[in-house]
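Engineer: Chains U and V supply the protein sequences, listed in that same order. Here the UniProt record's numbering is used: the first residue of the first sequence is 1, the next is one more, and so on. Here the UniProt record's numbering is used: the first residue of the second sequence is 1, the next is one more, and so on.
Hints are computed from structural coordinates only; laboratory data are not their basis. Certain hints may be false.
[As the list claims (entries may be wrong)] Under 7 Å between C-beta atoms, here's a sample of chain U residues computed to sit facing chain V:
#, residue
1, G28
2, M34
3, P83
4, T85
5, G172
6, L175
7, L195
[Claimed, not checked] Okay, the calculated bits of chain U under chain V, using three or more residues with CB under 8 Å as the criterion:
#, stretch
8, 7 to 18
9, 64 to 78
C-beta: ideal position from N, C-alpha, C; glycine also.
There are 2 protein chains.
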Amino acid sequence: MPKVTEEHRLARRQQIVAAARRCVIEQGFHKTTMAEVIRESGLSAGAVYGYFKSKEEIVAAIADDALSAVDELFQKVLATEAPLTPVAALEMALNHVVTVAERPDGDVTRVAIQAWAEALRNPAIMATAQGKYHQLRDNFEAVARRAQADGTVDPDADPRYIGQVLFGFLPGFILQRLILGDVTPETYLAGLKALFRS
Amino acid sequence: MPKVTEEHRLARRQQIVAAARRCVIEQGFHKTTMAEVIRESGLSAGAVYGYFKSKEEIVAAIADDALSAVDELFQKVLATEAPLTPVAALEMALNHVVTVAERPDGDVTRVAIQAWAEALRNPAIMATAQGKYHQLRDNFEAVARRAQADGTVDPDADPRYIGQVLFGFLPGFILQRLILGDVTPETYLAGLKALFRS
Numbered sequence: 001m002p003k004v005t006e007e008h009r010l011a012r013r014q015q016i017v018a019a020a021r022r023c024v025i026e027q028g029f030h031k032t033t034m035a036e037v038i039r040e041s042g043l044s045a046g047a048v049y050g051y052f053k054s055k056e057e058i059v060a061a062i063a064d065d066a067l068s069a070v071d072e073l074f075q076k077v078l079a080t081e082a083p084l085t086p087v088a089a090l091e092m093a094l095n096h097v098v099t100v101a102e103r104p105d106g107d108v109t110r111v112a113i114q115a116w117a118e119a120l121r122n123p124a125i126m127a128t129a130q131g132k133y134h135q136l137r138d139n140f141e142a143v144a145r146r147a148q149a150d151g152t153v154d155p156d157a158d159p160r161y162i163g164q165v166l167f168g169f170l171p172g173f174i175l176q177r178l179i180l181g182d183v184t185p186e187t188y189l190a191g192l193k194a195l196f197r198s
Numbered sequence: 001m002p003k004v005t006e007e008h009r010l011a012r013r014q015q016i017v018a019a020a021r022r023c024v025i026e027q028g029f030h031k032t033t034m035a036e037v038i039r040e041s042g043l044s045a046g047a048v049y050g051y052f053k054s055k056e057e058i059v060a061a062i063a064d065d066a067l068s069a070v071d072e073l074f075q076k077v078l079a080t081e082a083p084l085t086p087v088a089a090l091e092m093a094l095n096h097v098v099t100v101a102e103r104p105d106g107d108v109t110r111v112a113i114q115a116w117a118e119a120l121r122n123p124a125i126m127a128t129a130q131g132k133y134h135q136l137r138d139n140f141e142a143v144a145r146r147a148q149a150d151g152t153v154d155p156d157a158d159p160r161y162i163g164q165v166l167f168g169f170l171p172g173f174i175l176q177r178l179i180l181g182d183v184t185p186e187t188y189l190a191g192l193k194a195l196f197r198s
């Protein structure tokens with residue numbers, strides 16, 4: 001038996017997830033089959049089944065991957081020392097959405113929209129979506145608290161509710177970008193600045 | 001042959017659409033079959049096929065129905081004589097979303113989320129979504145113009161971009177309501193009021 005390093009295993013797993021993502025973007029969760037993922041990955045059936053025992057396991061992995069796409073953003077956003085306004089945080093978030101959407105291995109925002117639909121009937125994907133989106137919203141709530149401490153947002157407002165609204169911008173942006181095709185971070189920010197206090 | 005009135009035809013069609021909606025909420029677009037829609041409708045197969053020749057036609061009809069759920073709102077919103085702020089328009093829109101979601105014949109917002117996913121791969125549903133959402137966004141743009149005329153929003157801002165942002169609130173609200181379950185028009189409006197100028 002060859003000695004397989006952890007790094008090699010992770011790269012292989014990523015290769016399979018990327019292949020599955022391409023299949024799902026093309027055909028949706030329901031029509032994608034294990035045979036297609038195997039063919040798209042360029043690996044043997046045995047290799048793929050060594051990582052994922054069933055289509056359900058692959059669907060869970062790519063949904064997790066798509067719903068995690070914004071996770072990495074907030075380390076950067078919350079690490080800034082300067083006053084952090086809601087508009088500045090949204091600017092970083094919207095630019096990040098476009099960056100991950102335009103990566104060459106497939107637009108994860110397309111997979112995220114399918115994961116939303118799937119979550120409504122698949123308890124495992126619902127649990128993933130709830131965990132990821134609670135965490136993302138907590139980060140927007142932290143932005144609200146920072147802005148309240150900086151004096152750019154009313155300190156008497158409930159930061160949880162401000163977090164709901166800030167988080168709620170992202171699905172609307174993602175959906176308009178894919179369905180109407182004419183929104184960019186720049187147009188959205190122009191609209192936001194006209195509406196927001198700060 | 002019995003004489004079938006137009007009213008009777010419309011009521012029958014609505015009965016089939018409502019049955020299909022219940023099936024799709026339960027199982028999604030892909031797993032729903034004509035046989036299940038027929039059973040759920042309580043009509044004969046011949047009666048159902050008299051209205052919809054295929055599952056594709058039924059899917060198109062319930063997607064259209066779900067994506068139209070907010071249409072009726074704007075006649076009321078734009079008819080108001082009083083100054084119309086973006087917050088007031090969003091308050092009416094969010095309350096309307098909850099009203100249509102809680103109708104006894106099935107939560108159309110669940111069908112709308114599935115229609116978003118389906119639109120990415122089904123050109124007919126994409127065309128419906130584009131038409132409906134352009135129209136809805138035009139209505140939010142009209143709200144922005146009203147607010148600019150009333151002096152509550154910066155008259156130099158582009159109302160199209162304000163319309164993008166206002167329209168973009170609805171998907172985020174719908175998604176959080178179904179996945180995280182803790183948003184209401186009241187919590188959202190509290191967050192909005194803390195962030196918005198007016």
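Engineer: Take the hints in turn and mark each one as holding or not.
Structural biologist: Right, here's what the structure says about each hint:
1. Contact between G28 of chain U and chain V, as hinted, is supported at the beta carbon level, the nearest pair being about 6 Å apart and thus within 7 Å.
2. A cut of 7 Å between beta carbons decides the hint on M34 of chain U: the least distance to chain V is about 17 Å, and the hint is violated.
3. A hinted interface residue such as P83 of chain U counts as satisfied when its beta carbon comes closer than 7 Å to some beta carbon of chain V; here the least separation is about 16 Å, so the hint is violated.
4. For T85 of chain U, the interface hint is violated, the least distance from its beta-carbon to any beta-carbon of chain V being 10 Å, above 7 Å.
5. Restraint check, G172 of chain U versus chain V: the minimum CB separation of about 3 Å is within 7 Å; hint holds.
6. Because the beta carbon of L175 of chain U sits about 5 Å from the nearest beta carbon in chain V, less than 7 Å, this interface hint is met.
7. Hint status for L195 of chain U relative to chain V: holds, with the closest Cβ pair at about 5 Å, below 7 Å.
8. A stretch counts as covered by a chain when three or more of its residues have a beta carbon under 8 Å from one of that chain; for the stretch 7 to 18 of chain U and chain V the count is 0, and the coverage is violated.
9. Coverage of the stretch 64 to 78 of chain U by chain V is violated. Counting CB-CB distances below 8 Å, 0 residues qualify, and the rule asks for three or more.
In summary, the structure is inconsistent with hints 2, 3, 4, 8 and 9 from the numbered list given earlier, while agreeing with the others.
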